[in-house]
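Asker: Chains as they are written, first to last, in my numbering: chain R, 1 to 110; chain F, 1 to 114.
In short, the hints are calculated from the structure, not lab data.
Where a beta carbon is used, it is the ideal one built from N, C-alpha and C, also for glycine.
Incorrect hints may have been included.
What the hints assert, rightly or not - Example chain R residues on the side facing chain F (calculated, C-beta under 7 Å, incomplete):
no. : residue
1   : Y39
2   : E41
3   : G42
4   : L43
5   : A84
6   : L88
7   : K97
8   : F100
9   : G101
10  : T102
Said to hold, decoys possible - One-sided and incomplete, this derived list gives chain F residues near chain R with beta-carbon spacing under 8 Å:
no. : residue
11  : V19
12  : L39
13  : Q41
14  : G42
15  : A54
16  : D56
17  : F65
18  : I98
19  : K102
20  : F105
21  : G106
22  : S107
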Amino acid sequence: SQELEQSPQSLIVQEGKNLTINCTSSKTLYGLYWYKQKYGEGLIFLMMLQKGGEEKSHEKITAKLDEKKQQSSLHITASQPSHAGIYLCGADRRTDKLIFGTGTRLQVFP
Amino acid sequence: GAGVSQSPSNKVTEKGKDVELRCDPISGHTALYWYRQSLGQGLEFLIYFQGNSAPDKSGLPSDRFSAERTGGSVSTLTIQRTQQEDSAVYLCASSLGITNEKLFFGSGTQLSVL
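Assemble the whole structure, with the sequences as input and the hints as a guide.
Answerer: Written out as structure tokens, the structure is:
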């Protein structure tokens with residue numbers, strides 16, 4: 001089984017709708033990264049959350065880290081076609097290497 | 001360079017052939033990662049280099065896969081006797097190597113094994 005599970009695997013929403021993507025870890029989290037990937041491109045860093053129930057926002061994207069649940073959620077408000085892509089969470093396990101989740105494919109239609 | 005550079009961007013090869021994928025990290029970045037991404041899937045960790053330390057090879061799927069990093073900069077991922085299941089996008093990333101430092105990714109190499 002995956003150390004980092006994301007849900008949903010795929011999401012199709014209408015432009016203007018809000019949405020949430022979850023990332024759950026089976027092991028202790030020391031930090032959580034969110035990245036976005038457009039088709040055929042590398043990953044773009046969105047934000048990093050450190051231990052302590054941190055919450056961060058960037059434009060219309062907000063992410064929270066719930067250390068007790070070992071879970072992070074990424075929330076997009078008033079989605080736009082430019083938000084479409086694959087969203088990946090990455091876990092900091094204090095073992096140097098960064099492990100990524102299974103990914104969530106987001107499509108936003110007009 | 002300005003970012004992480006990977007070459008080639010696309011590689012088509014025949015089953016059984018060897019391939020080499022190249023990664024040029026950002027200058028000054030001591031940490032370098034290789035990941036593999038199959039169609040529509042998340043990232044699978046392959047190998048990690050940090051400075052002069054022994055690389056973490058725990059993610060390499062078989063002994064057909066190997067990687068080296070010369071002079072602490074450019075890295076080459078080699079796949080010997082390629083198989084169809086090796087078809088994927090191979091992504092390279094680098095960072096300053098400081099804890100909690102974000103990774104910068106290249107655009108990847110799309111490998112297709114026929």
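Asker: A separate judgement is required for each hint: does it hold in the structure or not?
Answerer: Do the hints match the structure? See the list:
| no. | hint | verdict |
| --- | --- | --- |
| 1 | Y39 | 10 Å, violated |
| 2 | E41 | 6 Å, holds |
| 3 | G42 | 4 Å, holds |
| 4 | L43 | 4 Å, holds |
| 5 | A84 | 14 Å, violated |
| 6 | L88 | 6 Å, holds |
| 7 | K97 | 5 Å, holds |
| 8 | F100 | 4 Å, holds |
| 9 | G101 | 5 Å, holds |
| 10 | T102 | 4 Å, holds |
| 11 | V19 | 19 Å, violated |
| 12 | L39 | 11 Å, violated |
| 13 | Q41 | 6 Å, holds |
| 14 | G42 | 4 Å, holds |
| 15 | A54 | 12 Å, violated |
| 16 | D56 | 6 Å, holds |
| 17 | F65 | 16 Å, violated |
| 18 | I98 | 11 Å, violated |
| 19 | K102 | 5 Å, holds |
| 20 | F105 | 4 Å, holds |
| 21 | G106 | 5 Å, holds |
| 22 | S107 | 5 Å, holds |
In summary, the structure is inconsistent with hints 1, 5, 11, 12, 15, 17, 18 from the numbered list given earlier, while agreeing with the others.
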